[in-house]
Amino acid sequence: MAAPKKGRSASAQSRPGRSLAFILIAIAALTGGMFLSGHPTPRLGIDLAGGTSITLTAKNEPGQPNAINKTNMNTAVDIMNRRVNGLGVSEAEVQTQGSDNIIVNIPKGTNSKEAREQVGTTAKLYFRPVLATEVSGSAASASPSPGASSSSSSKATDKATDKATSSSSASPTSSATSQGRAVTDALKADSTPSASSSASSSASPSASSSASPSASSSASASAAATKLQAQYTALDCTDEAQRAKAGEGSKATDPTVACGKNSSGQWQKYVLGPAEVSGTDIKSAAAVFDTQSAAGWKVTMEFTSGGSKKFADITGKLAKNQSPQNQFAIVLDGDVVSDPFVQQALTGGSAEISGSFDQAEAQSLANMLKYGALPLEFKASSITTVTAALGGEQLHAGLIAGAIGLSLVIIYLVVYYRGLSVIAIASLLVSAVLTYVLMSLLGPTIGFALNLPAVCGAIVAIGITADSFIVFFERIRDEIREGRSLRPAVERAWPRARRTILVSDFVSFLAAAVLFIVTVGKVQGFAFTLGLTTVLDVVVVFFFTKPLMTLLARRKFYASGHKWSGLDPKALGAKPPLRRTRRPSAPVDPKEA
Amino acid sequence: MSKLGTLGARLHRGEIGYDFVGKRKIWYGISILITITAILGLTVRGLNMGIEFQGGAVFTTEKTSVSVSQAETYAQEASGHDAVVQKLGNGGLRIQIAGIDTDKSDKIKDELAKDLNVDSEKINADLVGPSWGEQIANKAWEGLAIFMVLVVIYLAIAFEWRMAVAALVALIHDITITVGIYALVGFEVTPGTVIGLLTILGYSLYDTVVVFDSLKEQTKDITKQTRYTYSEIADRSINGTLVRSINTTVVALLPVAGLLFIGGGVLGAGVLNDISLSLFVGLAAGAYSSIFIATPLVADLKEREPQMKALRKRVLAKRAQAAAKGEPLESEVTEVMLDDEPEDDGPMVVGPRNQPASRNRGRGRPSGKRR
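First to last, the protein sequences are chains U and V. The opening residue of the first sequence carries number 1 in the numbering used here; numbering runs sequentially from there. The opening residue of the second sequence carries number 1 in the numbering used here; numbering runs sequentially from there.
Next comes chain U alone, as it looks inside the complex (with noise of 0.2 Å):
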């Protein structure tokens, strides 16, 4: 047959056109995108390129000598490993070395003090009442009225004070001489009705007025009350020791004093009740960008049936209160990071914290809260920088050898298939491109690391990509064997190809999906990768190769079947076309008829 005519179906024609300019535009856009980024090399991981190494010591605490075990280390790596490698990707390395240290390597190229945040940050998460609190140090300072009382507090927070303590007390005394007494006050009150349970313990204003400082409440709940009123006074949040300091060793069932930074940047510190929902309490946390109020980017917390119904009941019981006692205090490793009014029983069963927060510091807050609490507390020992776990002249010598196998591969297929050789190379480079350049930007948006598994994946895939065309182009090869003409045979070729295509890549992209859900660490990495591969296989052959296959169908050298075309009807021992006398050499068609 001849080659067909150009035109004889437009809208046939111009589909594969449309498919190539769509690829060919997406790839270039991409293109263009990775080297806008700044990022035109994909992130390399730690076993390629070398990176920080920091090494974390637990701190002993007070009162718990037995904390630091083998135990709570490999939770604390189980958890720091899930913190730093969210998704699996970005290649960074946790394990324990000696007794009390944790080692965690990043790549190069990650933010090592973010990632210093993320993996040392204890995030000890609790939710209490505010009984007391008060703008702290040079702001406060910034405004003294020496004659209004003896305390230096600010007559802002002297007025915050008494309107909490207004009704508990209507004595004017009270609250001339400090407001150090109203928390006292506040705090026999939280503690007199039952010391242990945090159910009936809220403080509220009516129980506070009937606890004068004369009521009978136990000795030593007055005597850590005392204490606390001292730590309190003497607390100045915008010192960086005493900050560090405040609330050190407290337990979540006592009252404590801590600091915080309110929302117009000013340190404020507090005297909190007891922890009502603590961090367990969280199913589930996620950074969320706040589009209602435009407060920017918050966390939003969802509990669990249990966190939810005592959130609830807190917040009930809060909510009769007055300022600041209808506030908690959201404290994340001792310091407030959140202190909400509330306004009524909150029974949704979700909370979210605002502050001012950026992305990166939203997301990483909801990563902590997300997987849990540290069982210790560390402290950064040593951060030094490390170079490549692989040799670099081996890894040269790998790259040599990778070379030379994919030089053999398109030796190989110009051999095989000649002319189609074209199309089958064309389309490994636009998938070899693709590929580069979705890693590369995947670098910055997911923290995708590339490591020499992945490279090794990536090798494999040449043979996963390839196959989708070598399934192709023998499909179209039995069609011109069978006696038809070029195009009618890549038309016919093209929907069986198309299936087992179809039907295998799924396969492969299952594989990929099961692992990548269900799986932590460098197999996710892993599934992350192949399901990458496997997507755009399908993508390069429904797009590219098959398109192109149309185009050059209708070009003479491939239709007439030329020698080097590699479709040479001939050369493929295709049988005479259809309606001509068989030949003899074929012996089994005789029984057909």
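Please note that the accuracy of each hint is not assured.
[To be verified] One-sided excerpt, in silico: chain V residues whose CB lies under 7 Å from chain U: (1) S131; (2) L205; (3) D213; (4) T248; (5) L254.
Derived from the structure by calculation, the hints contain no laboratory data. Every residue gets a Cβ at the ideal spot worked out from N, C-alpha and C, and that includes glycine.
Got chain U; can you put chain V on it based on the hints?
Okay, now just chain V, sitting in the frame of chain U:
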């Protein structure tokens, strides 16, 4: 091209072919033998787990002028294990060696001090835990189990349960062989090895599915004819996709072979050996098992089906009848073919691929869907 092209054409027309199903017992035997060897190797020699899995010792030195690769050699000599050496920011070295306990670590420390020419007191030795912790391993097993269940369900729906079973057997066969050879060679198991194995897992299934897809297509209307038994059609199907299988395997194996033999053997890039070995063995086993194990196994299972038994009976009866009449039949044709093709190593099986062609000839028009 011409040679393989003609071979492809003849395979396509069924002029030649290898009797994969008929000779399955030989290949089953070979596979069982290799598998037993692999299991023996695995139990006797065991796997040499790397530091990432079992932990080990880490030595940190002061600033030293010894190069990383030199230190690696020293550490391997001192310990007899693979060592991972990294240069630290302060110019010192961090040397990690797998499977070392406290007693041994002191000895190695002294030896290292001598080799590296530094004060033994200044080398800090410590034990490190695995970075590939139990949690990662457990989750990986969990993921694999879920995947296996899903893939069997998928194959049972997309194809049929017999093919799902055969694909699973082929998969286990490939993985066992790869792991066994790994144990026999004695390379250290690294995360790269595990990733390599997972890649094999995906590839093995992928390759089997491609072969099964053609098998399914060819056996669609099998009960409507009385010329071929299921096994014969299965054979035809394998032979029809043989060229594709060879090409795909060559293209997939060449780069890996480059890494393993040129990179590891000639250029001395030992770091790539672990992953390229598991890939090489696994890819080869995966291609082999799809053809020699999985498809014959499906044929075996299928032939037990009453329907297929009946078909076989009908086919054989028809052949006997035809032979009695002295009509030219498959058996005779086969003989003729064998005379024509001395290199052909199996009795030729005539498959249904010819049917549409000849029908076309009759009608002068390609039939649409059959084949």
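Status of each hint after checking the structure:
no.	hint	verdict
1	S131	holds, 4 Å
2	L205	holds, 5 Å
3	D213	holds, 5 Å
4	T248	holds, 4 Å
5	L254	holds, 5 Å
The structure meets every hint from the earlier list without exception.
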